[in-house]
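Letter by letter, the chains look like this.
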Amino acid sequence: MEKLTKGMKLLKIFLLMIIPWTFIVFLAPLYNTKEPFLGGWPFLYWYLFMWVFIQPVFTFIVFRYIDRERW
Amino acid sequence: MFSDIDYAIFFTLIGLTIVVSFLGARWRKADFSKISEWSIGGRKFGTIIVWFLMGGDIYTAYALISVPGGAYGMGGFILYSAVYGSISYPFLYYVAPRLYLIAKRKGMITGGDYVKERFSSPTLALLIAITGIIAMLPYIALQIVGIKYVLVAMNFPVIESYLIAFLIVAAFTIVAGLRGPALGAIIKDVLLWGVIITITVVLFIQFSGFGTVFAHLDAIHKNYLIPNNLMLGYITLAFGNGIAWLLFPNLLTGIFGSKDAKTIKKNSVFLPVYQVWMVILAIIGLIALSENLIPSKISSLAFPSVLNAYFPPTFVVIAFAAIIIGAMIPAAIQALSAANLITRNIYLEYFNRRANERRQVLIGRIFVFVMIVASLIFVLTPAASGLIFYLLTMSYAWLLQTLPAIILSMYWHKLDKYSVGAGWLVGVAFTTYGLFTVNFSSSLLPWLSYMYVGIAGLIFNLIVLFIVHAFVRLLKVRYTSGIMPAEFTDFDEAFAGVKEWRKDDFRAGKE
Numbered sequence: 057m058e059k060l061t062k063g064m065k066l067l068k069i070f071l072l073m074i075i076p077w078t079f080i081v082f083l084a085p086l087y088n089t090k091e092p093f094l095g096g097w098p099f100l101y102w103y104l105f106m107w108v109f110i111q112p113v114f115t116f117i118v119f120r121y122i123d124r125e126r127w
Numbered sequence: 079m080f081s082d083i084d085y086a087i088f089f090t091l092i093g094l095t096i097v098v099s100f101l102g103a104r105w106r107k108a109d110f111s112k113i114s115e116w117s118i119g120g121r122k123f124g125t126i127i128v129w130f131l132m133g134g135d136i137y138t139a140y141a142l143i144s145v146p147g148g149a150y151g152m153g154g155f156i157l158y159s160a161v162y163g164s165i166s167y168p169f170l171y172y173v174a175p176r177l178y179l180i181a182k183r184k185g186m187i188t189g190g191d192y193v194k195e196r197f198s199s200p201t202l203a204l205l206i207a208i209t210g211i212i213a214m215l216p217y218i219a220l221q222i223v224g225i226k227y228v229l230v231a232m233n234f235p236v237i238e239s240y241l242i243a244f245l246i247v248a249a250f251t252i253v254a255g256l257r258g259p260a261l262g263a264i265i266k267d268v269l270l271w272g273v274i275i276t277i278t279v280v281l282f283i284q285f286s287g288f289g290t291v292f293a294h295l296d297a298i299h300k301n302y303l304i305p306n307n308l309m310l311g312y313i314t315l316a317f318g319n320g321i322a323w324l325l326f327p328n329l330l331t332g333i334f335g336s337k338d339a340k341t342i343k344k345n346s347v348f349l350p351v352y353q354v355w356m357v358i359l360a361i362i363g364l365i366a367l368s369e370n371l372i373p374s375k376i377s378s379l380a381f382p383s384v385l386n387a388y389f390p391p392t393f394v395v396i397a398f399a400a401i402i403i404g405a406m407i408p409a410a411i412q413a414l415s416a417a418n419l420i421t422r423n424i425y426l427e428y429f430n431r432r433a434n435e436r437r438q439v440l441i442g443r444i445f446v447f448v449m450i451v452a453s454l455i456f457v458l459t460p461a462a463s464g465l466i467f468y469l470l471t472m473s474y475a476w477l478l479q480t481l482p483a484i485i486l487s488m489y490w491h492k493l494d495k496y497s498v499g500a501g502w503l504v505g506v507a508f509t510t511y512g513l514f515t516v517n518f519s520s521s522l523l524p525w526l527s528y529m530y531v532g533i534a535g536l537i538f539n540l541i542v543l544f545i546v547h548a549f550v551r552l553l554k555v556r557y558t559s560g561i562m563p564a565e566f567t568d569f570d571e572a573f574a575g576v577k578e579w580r581k582d583d584f585r586a587g588k589e
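Those sequence lines, one after another, are chains C and E. Taking our numbering, the leading residue of the first sequence gets 57, the next gets one more, and so forth. Taking our numbering, the leading residue of the second sequence gets 79, the next gets one more, and so forth.
Simulated from the structure, these hints should not be mistaken for laboratory data. Fair warning: this is a prediction, and the values are worked out from it, not measured in the lab. Among the hints, erroneous ones may be present.
Stated by the list, open to error - Under the rule of at most 30 Å between Cα atoms (straight-line distance), these lysine-lysine pairs were calculated in the DSSO-like manner:
| id | chain 1 | residue 1 | chain 2 | residue 2 |
| --- | --- | --- | --- | --- |
| 1 | E | K182 | E | K337 |
| 2 | E | K300 | C | K62 |
| 3 | C | K65 | E | K337 |
| 4 | E | K492 | C | K68 |
| 5 | E | K375 | E | K184 |
| 6 | C | K65 | E | K184 |
| 7 | C | K62 | E | K182 |
| 8 | E | K492 | E | K340 |
| 9 | E | K300 | E | K340 |
| 10 | C | K59 | E | K554 |
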C-alpha cells in the first residue's frame with residue numbers, strides 16, 4: 057500500500073509545507089523591507105512576487121520525482 | 079461619463095453570461111433529477127474545467143475589489159492574500175488527493191459525509207456541516223458587497239440592482255447545477271484575464287514598471303510595507319487562511335468533482351500562477367493611494383477609481399461587467415455548495431431519511447435562496463462598509479475549527495469524535511466571541527497583539543482536543559471509525575481493482 061519511502065515522505069513534507077510556510081509566511085519580519093529595490097519595486101513586493109513562481113517548481117518536483125506521476 | 083452604448087455593452091455582457099450558463103445545462107447531457115448529478119456534475123469534469131471552476135471560485139470580487147481596497151487602506155498588509163494563496167496550493171497537493179480518493183471510494187460528496195463516516199458520528203457531521211454553512215455567509219456577502227461597489231462607481235441605484243443580480247444568480251444556479259457556472263466561469267475567466275492583462279500592461283508602462291508608484295508613496299510618506307504592530311496579525315492571517323482555504327465547502331465540492339487525484343495534483347502545480355494577480359492588484363490599490371484618486375476615501379472604490387482615471391469608458395464598463403460576473407458566478411457556486419450541505423447532512427439526516435431524490439433536489443433549490451438571503455446579515459456588518467477583505471477572513475476563522483475533523487483525522491487514525499467535538503466547540507465559541515469583541519469590523523484581536531482570531535481559536539481547539547483525547551485513551555472510552563486506516567491513499571493506482579464508484583451508491587437513504 058505504501059508507495060513512498062520514509063525519506064521521500066519527509067522530503068515531500070518539506071517541499072510542500074515546511075519550505076513554503078517558512079519562507080513565504082514565517083520570515084515576514086525579515087522580508088518586510090524596502091531595500092534592496094529591484095526595478096523600483098521594494099524588496100517586500102518582488103520577494104513575494106518571486107515566490108509565486110518558485111513554489112510551483114517545488115510542487116512540480118514532488119509531482120514528477122517523488123510521486124512519480126506523469127503530466 | 080458613461081454613454082448609453084457603454085451601458086448597453088455592460089448589460090449585454092452580463093446577460094450573455096447568464097444565457098450561456100442557462101444553455102450550459104444542456105451541455106453533456108445529464109439526468110438532473112439525481113442529486114449527485116445536480117450538485118457535482120457526475121464527477122466527469124476534466125482538468126481544464128476544474129481549473130476554470132476553481133479559478134472562477136478563487137478570483138472573485140474578493141480579488142478585484144477587496145484586495146486593492148485593502149492596499150489602499152492598509153498598505154503591504156494586504157499582501158497576506160498573495161501569501162496565503164502561495165502556501166495553500168502545496169497544502170492542497172498534500173492533503174486533497176487523500177480526501178478525494180476516500181470520498182470517491184465511499185461515495186461522499188460533502189465534508190460532512192466524510193466526517194460522519196470517519197468518526198461514525200452523525201452529530202459531528204452536523205456540526206461540521208453547520209460550520210461550513212455559516213462560513214459561506216460572509217463569503218457570499220463579500221460578493222454582494224463587491225457588486226454594490228461596482229454599481230456605486232457606475233451611479234446605479236444600489237439596492238435594487240444587486241438584489242436583481244442575485245435573484246438571477248440563484249435562478250440559474252438552480253436550473254443548471256454545477257454545469258451552468260462551469261460554462262459561465264469560462265466566459266468570466268476569459269473576460270477577466272483579458273481585462274487584467276490589459277490593465278497591468280497599460281499601468282505598468284504608465285508608471286514605469288510601477289517603480290514610480292512606490293517612489294511617490296515614499297515622497298508623500300505613505301506606508302506600503304506591513305505595519306510593524308500588525309506583524310503577528312499578518313503571519314497568523316496568512317498562515318491560517320492558507321491552511322483553511324481548502325476547507326471551504328465549495329472548494330471541497332470542486333475537489334470531489336475532479337476526475338482523479340492526479341487532476342487535483344496537476345491543478346495545484348499550475349493554479350498558483352493566478353496569485354500574480356494578487357500582487358498586481360495590491361499595487362493597483364497603491365496607485366489609488368499615491369495619486370489620491372478616491373475623494374470619498376472609501377477604500378473599496380480603489381480599483382474602480384483607478385479604472386476610471388486611466389481607461390476609456392467603454393473599456394471601464396467591460397471591466398466592471400467582468401467584475402460583476404466574477405462575483406455572480408462564485409456566489410452561485412457557494413450558495414449551491416451550502417444548499418448541498420444542508421440537504422445531505424441536515425435535511426436527510428435529521429428531518430427526512432426517506433426523502434426521494436426529487437424531494438432532495440427541491441430542498442436544495444429552496445436553500446440556495448435561503449443562503450443568499452441569510453448572507454445579507456453580513457452585508458450589514460461594519461467590515462462590509464470598511465475593509466471588506468475581513469469578511470473572507472471571518473469565513474476562514476470558522477472553517478479553521480474544522481481542520482482537525484477533516485484534515486488531521488486522515489493522518490491521525492486514533493483520533494476520536496469526543497476530542498474533535500470538544501475542540502470544535504471551544505474553537506468556534508472562541509472565534510465567535512473574538513469577532514464580537516471587535517464588533518465584526520475586523521478579524522484581528524487588539525487584545526492579543528492583533529493575532530488572527532481563527533488561529534487563536536485553533537490553538538484553543540487543539541489544546542482541548544489533546545486534553546480530551548488523553549482522557550479518552552486513559553479511560554479506554556470506546557469509539558469507532560467507518561474507515562480503515564489502510565483505506566487512505568494518496569495515489570490513484572491504489573484504487574485500481576477496487577469497485578468503481580457507482581451512481582447507485584448515492585441512492586437516498588442508502589448508508
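Hints, one by one, checked against the model:
1. Of the pairs offered as hints, the one joining E/K182 and E/K337 holds, with about 10 Å between alpha carbons and a cut-off of 30 Å not exceeded.
2. The suggested pairing of E/K300 with C/K62 is violated, with an alpha-carbon distance near 50 Å, which exceeds 30 Å.
3. With a C-alpha separation of about 25 Å, the suggested pairing of C/K65 with E/K337 holds against the 30 Å cut-off.
4. As the CA atoms of E/K492 and C/K68 are separated by approximately 23 Å, the hinted pair is consistent with the 30 Å bound.
5. For the hint pairing E/K375 with E/K184, the CA-to-CA distance comes to about 52 Å; that exceeds 30 Å, so the pair is violated.
6. A threshold of 30 Å between alpha carbons decides the hint, and for C/K65 with E/K184 the separation of about 26 Å falls inside it, so the pair holds.
7. Between C/K62 and E/K182 the CA atoms are separated by roughly 27 Å; this keeps the pair inside 30 Å, and the hint holds.
8. Distance restraint check for E/K492 and E/K340: the Cα-Cα separation of roughly 28 Å lies within the 30 Å cut-off, and the hinted pair is therefore satisfied.
9. Note on E/K300 and E/K340: the hinted pairing is violated, with a Cα-Cα distance of about 46 Å set against a maximum of 30 Å.
10. As the CA atoms of C/K59 and E/K554 are separated by approximately 33 Å, the hinted pair breaks the 30 Å bound.
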